[in-house]
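Residue numbers (the working numbering), protein chains in the order written: chain A, 661 to 921; chain B, 5 to 348; chain C, 5 to 348; chain D, 5 to 271; chain E, 616 to 926.
Worth flagging that the hints you see were computed from the coordinates, not collected in a lab.
Some clues are possibly wrong.
As the list claims (entries may be wrong) - With a Cα cut of at most 20 Å, we get these calculated DMTMM-like pairs of lysine to aspartate or glutamate: (1) LYS878(E) - GLU697(E); (2) LYS821(E) - ASP888(E); (3) LYS665(A) - GLU163(D); (4) LYS683(E) - GLU706(E); (5) LYS324(C) - GLU180(B); (6) LYS782(A) - GLU854(E); (7) LYS324(B) - GLU34(C); (8) LYS663(E) - GLU39(D); (9) LYS81(C) - GLU57(C); (10) LYS324(B) - GLU180(C); (11) LYS663(E) - GLU41(D); (12) LYS683(E) - ASP704(E); (13) LYS324(C) - ASP179(B); (14) LYS683(E) - GLU41(D); (15) LYS782(A) - GLU616(E); (16) LYS635(E) - GLU713(A); (17) LYS324(B) - ASP179(C); (18) LYS68(C) - ASP29(C); (19) LYS324(C) - GLU224(B); (20) LYS324(C) - ASP207(B); (21) LYS106(B) - GLU121(B); (22) LYS81(C) - ASP71(C); (23) LYS740(E) - ASP724(E); (24) LYS878(E) - ASP898(E); (25) LYS81(B) - GLU64(B); (26) LYS324(C) - GLU283(C); (27) LYS744(E) - ASP724(E); (28) LYS68(B) - ASP27(B).
Predicted model, so just to flag it, every value in this text is computed and none were measured.
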Amino acid sequence: MRIGKALQLAVTLLAAAFLLVPTIQSVLAGVTVNYFQGIRSGLTLEWIAVVWELYASSIFLSLGIALACLCVTLVIGVPAAYALARSPGRLSRAVEEFISLPLAIPGLALALALLQLYGSYKGFRMSPAFILVGHVLYTLPFMVRSVQSVLAAIDLRTLEEGAATLGAGPVRRFFDVVVPNALPGILAGALTVVTLSIGEFNLTWMLHTPFLKTLPVGLADSYASMRLEIASAYTLIFFVMIVPLLLAMQWASARAQRMSQ
Amino acid sequence: MTLTLRNIAKTYPGGTRALLPTDLDIAEGEIVSLLGPSGCGKTTLLRIIAGLETADAGAEIRFKDDDITHQPVERRKVGMVFQSYALFPNMSVRGNIGYGLKMQGLPRAQIDARVDEVIALCRLEPYAGRAITALSGGQRQRVALARAFAPRPRLLLLDEPLSALDAALRGQLRDELAALLRQFGITAIFVTHDQDEAMAIADRVAVMSQGRVAQIGTPEALYRAPQTAFVARFVGNSMPLGGRIEGSQLHLPGGTLALTAPSDGKAAFVRAEDVRLAEHGPLTARVTAVTFLGTHYRIALSGATEDTLFCLHQGQSAPKPGETVRLAIAPQSILILSPEKAAA
Amino acid sequence: MTLTLRNIAKTYPGGTRALLPTDLDIAEGEIVSLLGPSGCGKTTLLRIIAGLETADAGAEIRFKDDDITHQPVERRKVGMVFQSYALFPNMSVRGNIGYGLKMQGLPRAQIDARVDEVIALCRLEPYAGRAITALSGGQRQRVALARAFAPRPRLLLLDEPLSALDAALRGQLRDELAALLRQFGITAIFVTHDQDEAMAIADRVAVMSQGRVAQIGTPEALYRAPQTAFVARFVGNSMPLGGRIEGSQLHLPGGTLALTAPSDGKAAFVRAEDVRLAEHGPLTARVTAVTFLGTHYRIALSGATEDTLFCLHQGQSAPKPGETVRLAIAPQSILILSPEKAAA
Amino acid sequence: MSTRQFVALCLVPLAIFALTFLALPLVRLVLASGEGEAGWGIYWQILHTPRYLTTLVQTVLVSVSVTIAALAVSTTAGLFLTRNRFRGRAVLLSILTLPLAFPGVVVGFMIILLGGRQGLFNAIFPGHGVFAYSIFGLFLGYLYFSIPRVLLTVMAAAEKIDPALEEAARTLGAPSHRVLRDVLIPALAPALVAAGAIAFATAMGAFGTAFTLATNIDVLPMVIYTEFTLSANIAMAAALSVLLGIVTWGMLFLARSFSGSTIAAGG
Amino acid sequence: EDAVCYNCPPEWADWASMLKALDEQAGITMPHDNKNSGQALSQMIAEKASPVADVAYYGVTTGIQAIKEGVVQPYKPAGFDEIPDGLKDPEGNWFAVHYGTLGMFVNVDALAGAPVPQCWADLAKPEYKAMVGYLDPASAFVGYAGAVAVNQAFGGDLTNFGPAIKYFNDLAANSPLVPKQTSYARVVSGEIPILFDYDFNAYRAKYNEGGNYEFVLPCEGTIRVPYVMSLVANAPHPETAKKALDFILSDEGQAIWTNAYLKPARPVELPADVAGRFLPDSDYERAVAVDYAAMAAAQAAFGERYLSEVK
Ligand SMILES: Nc1ncnc2c1ncn2[C@@H]1O[C@H](COP(=O)(O)OP(=O)(O)OP(=O)(O)O)[C@@H](O)[C@H]1O
Ligand SMILES: Nc1ncnc2c1ncn2[C@@H]1O[C@H](COP(=O)(O)OP(=O)(O)OP(=O)(O)O)[C@@H](O)[C@H]1O
Ligand SMILES: [Mg+2]
Ligand SMILES: [Mg+2]
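All chains, full assembly: derive it from the sequences and hints.
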């Protein structure tokens with residue numbers, strides 16, 4: 661019993677170290693003058709400044725796309741989740757399965773598909789909307805499922821019937837009862853969408869044009885061709901953006917999950 | 005009649021015949037309870053009245069002179085209290101109570117005044133500003149009632165509003181609810197599968213069984229003169245005696261009982277409280293179990309009838325399991341019902 | 005004594021004192037029920053006996069001559085039936101019932117024989133091969149019992165095994181369970197918060213309140229001679245009469261009652277069934293509500309005592325709300341208890 | 005407007021989007037795979053080109069081993085974390101779940117920092133610590149992003165296990181390892197299948213990690229990329245994409261029908 | 616004015632300075648772009664119907680293929696005539712902008728004590744295990760150029776790649792790194808101690824980065840190759856693109872190359888201080904030119920062979 665527990669703890673700590681150590685290394689490398697020589701060479705913000713100069717636009721682009729992606733997934737996903745929750749059945753399962761395809765089909769393949777069909781519409785191809793479409797494809801299922809699971813937990817039908825007997829028509833019910841009560845799910849979904857969109861690489865790598873490098877594309881770029889310190893500094897910036905989002909996301913999904921129990 | 009139901013039937017898509025064609029009339033200010041075992045169609049009937057479910061073709065629902073058969077829910081002006089209450093968790097107590105009034109498009113000031121009034125009536129003042137999640141079960145139940153009351157519905161429908169509560173609270177709220185409904189003279193239909201609850205609240209009880217109304221009447225009428233074996237069993241906890249009736253005599257394994265009148269071809273029932281221990285009673289039985297229940301002992305007896313017969317015995321002591329006792333049942337306490345009805 | 009508990013107390017890490025130092029002795033073959041309101045420590049005591057929770061330092065648990073205070077659960081040979089049944093969903097009915105025997109390392113053939121035997125006893129033959137998920141609540145309850153029985157535990161612990169069932173099934177299974185336990189002469193501790201259940205099943209009932217055993221005794225003893233106001237209320241549904249005692253007289257708002265003996269400084273309680281309508285009774289009261297309950301009417305009365313007084317009235321008719329009636333209460337049916345105990 | 009109409013209306017935006025940007029492009033992709041010189045024979049060609057086949061097998065092998073490893077590590081850690089409360093547990097949990105949204109490229113970089121020439125291991129064991137660019141490095145990279153996903157699913161399931169189940173087994177005389185074998189693992193099985201399927205699917209489709217590690221170990225997504233960038237062999241890239249999609253989707257579908265839908269966020 | 620160049624990576628051939636100069640001196644904004652030659656071409660093929668790029672930069676053979684694929688259009692910028700024959704398409708579909716000589720770019724500090732290798736053959740020695748890197752010969756032009764170089768060094772020619780295949784297979788035992796993109800930074804940081812790369816990248820590291828870097832012209836011999844640019848057919852911004860190409864071939868433009876240790880395509884004199892930093896001419900004698908058209912013709916077949924035969 662004791663030994664078993666110690667072993668479990670060891671595995672847990674080892675796994676945590678495996679995940680944590682390189683992130684610490686990368687944070688350190690990002691502020692070290694010369695990583696090859698180690699911390700002794702001194703600390704500096706120079707690399708961060710370099711990254712800012714080279715990649716600031718990609719950071720803003722990513723933020724912009726993430727927000728746009730959030731808006732689109734809200735507009736498409738929330739009503740859809742409601743409709744799916746309202747009419748459970750084989751057909752709804754099929755629709756869900758279909759919109760979840762982007763989780764199963766590798767991003768590269770999806771991007772290739774989009775390029776094949778829409779690559780020749782230049783105005784579209786060269787605009788951020790093209791990348792946005794990819795991100796929405798990939799994040800939409802998360803929004804839908806997040807909202808759906810909360811809706812499934814709140815006995816939506818009865819709440820709506822309650823509102824109906826009080827004189828509320830379908831549209832009023834949607835805004836007075838459905839949306840407010842789905843908020844925890846919407847919030848959890850929103851954070852997931854933003855986080856995933858900021859980190860999306862597989863699709864974006866194929867969809868982007870040189871003018872439209874998103875943050876992870878820039879990261880890949882810097883890993884391939886910049887010195888370690890710059891790559892690390894860029895990774896550091898990425899962490900600074902993504903970690904608070906991740907923490908918020910975990911908090912929000914824990915809350916949504918508590919609600920749906 | 006305020007509410008007139010004609011030919012209401014319901015077949016669910018799967019083919020379940022939840023409700024066979026049913027007629028029902030309810031007078032202004034009357035409280036009618038739908039009582040029946042699980043699955044007998046109570047909720048279905050209530051939901052059809054509310055407009056939450058559509059009845060099979062041929063149905064007619066009239067409210068005074070309006071035919072509301074095809075009106076959508078939100079225009080029927082019926083209030084409904086759900087088993088789960090269905091309170092809006094995103095609104096405060098006030099918000100919930102005022103929602104129906106808001107939907108009617110009343111001005112803010114008028115809504116506030118009416119909400120205050122209803123809150124006072126339901127003794128909800130201390131909770132008015134609270135979130136729904138910060139209320140206990142009993143408080144929620146009162147809010148649900150207040151919300152349904154507030155828009156002054158023509159008819160109030162309640163679907164097992166107490167069944168989510170624990171026994172103690174249930175008894176208390178049942179009495180409060182009955183008092184409130186009477187105080188406002190509200191016309192109401194109250195669904196329950198608890199016999200005590202139906203009797204405590206309703207002017208008339210409609211006992212339902214397998215999609216039909218088996219009998220409708222005042223609590224006393226149902227208890228004293230059940231018309232079917234089902235009603236006798238469900239409302240009065242009557243036990244079938246079995247045996248064989250010859251003229252005015254009922255022959256049982258443990259002896260022969262006298263009946264008030266010749267009843268050949270009928271079936272006999274009795275209630276546990278009408279079975280008495282009597283030193284010279286006509287029935288012989290063996291005690292199989294004795295349970296002390298505070299006010300009385302419940303004694304399980306075998307040998308008197310084909311099944312186990314129960315006897316509620318008041319007194320300071322009771323026979324022990326294994327003893328043989330003699331029993332008496334007064335002829336007028338034996339219910340005689342048609343066996344074909346007994347099959348229901 | 006089969007089981008001897010000394011000085012069992014439990015303080016949870018958060019600081020909740022769930023159990024104050026408690027002693028309890030249980031004889032071979034005895035069925036003891038732990039009865040009490042939610043949170044009084046019943047589950048905690050049971051889990052300490054099972055070994056699922058450790059008692060505070062100083063506790064002693066002896067089983068006949070073994071000191072098992074520090075033995076791990078899996079070696080205590082106690083059977084346990086959980087409220088949620090905790091059946092293993094990945095095993096069939098047989099698999100569940102045989103699990104304890106398998107853990108004892110019995111040979112396959114012996115396990116099979118014993119499982120068959122227990123299945124027969126619990127009338128589970130038709131379900132033996134089924135998956136747990138394919139069973140109804142009542143059937144699951146029987147499997148849980150069979151599983152706990154099978155390894156012939158020295159002691160069977162049951163934590164509200166019936167509370168997940170609906171009322172009708174509960175009554176039926178309660179009787180079956182009582183019969184099975186007696187048939188096997190099993191020593192058992194049965195936790196419940198339902199007074200009827202405790203009385204129906206147990207030889208002795210330990211009434212618990214706020215981490216203590218308030219009184220332990222046979223059902224009749226508890227009902228007839230409660231030693232604290234808590235027990236009087238919880239077990240006998242007694243109502244406090246309030247008022248003022250002077251010598252052998254109890255002065256109430258509605259009149260004065262005679263007591264059997266001078267009881268200055270004490271408190272008086274009565275049960276609803278002991279309050280009688282009597283044309284010339286010493287108390288005057290106004291009827292506020294009447295509920296027909298089949299065997300009797302429950303009448304709510306105001307004016308007699310400070311609170312509402314209830315009266316259970318048997319008869320063909322009852323007074324109407326608003327009428328004024330007179331009441332009598334026999335001196336020997338008035339319970340006299342110490343007020344300091346009444347504070348418990 | 006009736007309720008039914010409104011509900012239908014709610015699906016309109018989704019329908020338009022999914023048709024335009026998911027259904028049609030996928031159809032186009034499938035068609036594109038048949039537009040090469042080999043026509044539809046391209047699929048036959050894939051099955052008869054050893055290079056593609058070995059890559060497919062290699063991809064599946066790596067993904068399977070990652071799945072197994074992630075399940076083992078995350079189940080151990082997940083059970084430990086659900087069943088023990090201690091100081092620092094929340095921090096540990098955050099550490100274990102934070103990499104959830106790290107893109108594959110970042111994960112690749114993390115592996116370089118661990119096992120590259122400049123990495124931690126090479127600093128500790130000079131000359132023997134370079135593994136980032138081997139198949140082991142790729143495996144570690146996939147493991148890195150699979151651990152959080154599997155952990156979350158396992159923990160969610162573990163928290164739902166009725167503690168009474170374990171207690172019941174113990175009152176019946178079961179020692180800890182039997183409780184694990186007879187009660188916990190079976191109760192976790194659906195979650196393990198679901199989590200395993202997700203880990204597998206993610207590993208199958210992962211591109212960023214392989215791209216960053218830039219090893220000469222080919223996995224299918226890398227080959228698709230190379231086909232696309234090697235004289236724009238679009239038909240072959242499309243055909244391989246279709247193949248990869250079908251294999252992974254099939255796995256997920258099987259797992260889902262076995263275990264009900266469970267999903268953890270991931271990038 | 617905006618224009619898009621495919622494959623203008625800032626850490627290669629000092630495109631960073633070139634892009635900056637384009638912005639500052641010609642007012643043309645071109646984002647940097649990390650592709651390789653093959654990727655640039657395939658992207659252009661994929662986008663043929665509706666190109667994204669205006670100009671492209673790649674190895675000479677890729678330029679020759681680009682004509683066949685019909686993704687470029689002729690343009691003769693000012694100074695076109697001064698580019699020696701053979702280093703430009705007579706129609707102007709592609710033209711060299713600079714040369715490079717292939718060799719070994721070595722981070723001496725990262726060799727962990729091993730001597731600086733002098734020959735291609737040295738690299739198969741165990742002491743260089745996991746230290747050698749070369750770009751994917753099936754995709755990147757540098758990679759292909761490296762393959763042609765070792766092939767010739769070991770007696771092969773453009774019709775017989777057997778020696779190259781054998782060489783790479785021998786090298787495979789030494790677990791080489793095979794990135795697909797420009798990896799200058801990885802050599803600088805020590806991740807890849809030895810990379811098949813051009814002299815200009817190595818010199819830039821040697822003279823501009825703080826560290827100990829060497830360029831080696833292998834003893835068995837090597838090749839020199841021109842890098843070329845093209846105007847993309849149906850470029851979205853043709854006028855800006857032409858201005859950019861004009862600038863790159865102008866004196867200012869070519870001077871930027873020379874400062875970056877690139878031998879310019881037009882006969883522009885190397886500044887003395889720069890010239891002094893190159894390896895001696897005697898070493899450069901081992902570097903020969905090849906028939907670029909034939910090299911282009913053989914590229915696809917070699918790529919296939921490499922992918923299927925080198926494990
Ligand atoms: N939506 C539905 N689809 C199909 N069958 C249904 C549906 N709702 C109810 N039924 C079936 O119709 C019958 C009557 O159901 P109903 O809910 O009216 O019973 P009830 O009397 O309210 O029972 P309970 O006391 O359990 O609430 C049952 O057999 C039930 O299974
Ligand atoms: N694990 C625990 N940690 C802290 N406090 C606990 C724990 N378990 C029980 N308690 C507290 O101890 C007290 C007694 O709990 P216990 O479960 O024994 O009550 P109970 O009599 O079984 O009640 P119920 O009828 O609700 O099951 C309660 O106040 C409860 O909140
Ligand atoms: Mg119902
Ligand atoms: Mg308990």
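Against the structure, the hints:
1. Pair hint LYS878(E) plus GLU697(E) holds up; C-alpha atoms about 14 Å apart against a cutoff of 20 Å.
2. As the CA atoms of LYS821(E) and ASP888(E) are separated by approximately 14 Å, the hinted pair is consistent with the 20 Å bound.
3. Simply put, LYS665(A) and GLU163(D) have alpha-carbon atoms about 18 Å apart, close enough for the 20 Å limit, and the pair holds.
4. Between LYS683(E) and GLU706(E) the alpha-carbon distance is near 13 Å, which keeps this suggested pair within the 20 Å criterion.
5. About 18 Å separates the Cα atoms of LYS324(C) and GLU180(B), which keeps this hinted pair within 20 Å; it holds.
6. Taking the CA atoms of LYS782(A) and GLU854(E), the gap is near 18 Å; set against the 20 Å cutoff, the hint holds.
7. For the proposed pair LYS324(B) and GLU34(C), the alpha carbon gap of about 18 Å is at most 20 Å, so the pair holds.
8. Restraint check for LYS663(E) and GLU39(D): satisfied, since their Cα atoms lie roughly 16 Å apart, inside the 20 Å limit.
9. Distance check on the hinted pair: LYS81(C) and GLU57(C) sit about 15 Å apart at the alpha-carbon level, within 20 Å; holds.
10. For the hint pairing LYS324(B) with GLU180(C), the CA-to-CA distance comes to about 18 Å; that is within 20 Å, so the pair holds.
11. Taken as a hint, the LYS663(E) and GLU41(D) pair is honoured in the structure, with Cα atoms around 18 Å apart against an allowance of 20 Å.
12. Annotation: proposed proximity of LYS683(E) to ASP704(E) holds, straight-line Cα distance about 12 Å (limit 20 Å).
13. A distance of roughly 16 Å separates the Cα atoms of LYS324(C) and ASP179(B); the hinted pair therefore holds under the 20 Å criterion.
14. For the given pair, LYS683(E) sits about 17 Å from GLU41(D) by alpha-carbon distance, which is consistent with the 20 Å threshold.
15. About 18 Å separates the Cα atoms of LYS782(A) and GLU616(E), which keeps this hinted pair within 20 Å; it holds.
16. Between LYS635(E) and GLU713(A), the direct Cα distance comes to roughly 13 Å. Compliance with the 20 Å bound is thereby established for this hinted pair.
17. Proposed proximity of LYS324(B) and ASP179(C) is supported: the alpha carbons are some 16 Å apart, at most 20 Å.
18. For the hint linking LYS68(C) to ASP29(C), the alpha-carbon distance of about 11 Å falls within 20 Å, and the restraint holds.
19. The hinted pair formed by LYS324(C) and GLU224(B) meets the criterion: a straight-line CA distance of about 14 Å does not exceed 20 Å.
20. Simply put, LYS324(C) and ASP207(B) have alpha-carbon atoms about 14 Å apart, close enough for the 20 Å limit, and the pair holds.
21. Distance hint between LYS106(B) and GLU121(B) is fulfilled; the C-alpha atoms sit about 15 Å from each other, no more than 20 Å.
22. At most 20 Å may separate the alpha-carbon atoms for a hinted pair to count; LYS81(C) and ASP71(C) meet this at roughly 13 Å.
23. A hinted pair counts as satisfied when its Cα atoms are at most 20 Å apart, and LYS740(E) with ASP724(E) qualifies at roughly 18 Å.
24. With a CA separation close to 16 Å, the supplied pair LYS878(E) and ASP898(E) stays within the 20 Å bound.
25. With a C-alpha separation of about 17 Å, the suggested pairing of LYS81(B) with GLU64(B) holds against the 20 Å cut-off.
26. For the hint linking LYS324(C) to GLU283(C), the alpha-carbon distance of about 15 Å falls within 20 Å, and the restraint holds.
27. Simply put, LYS744(E) and ASP724(E) have alpha-carbon atoms about 16 Å apart, close enough for the 20 Å limit, and the pair holds.
28. Restraint check for LYS68(B) and ASP27(B): the C-alpha separation of about 15 Å stays at or below 20 Å, so the hint holds.
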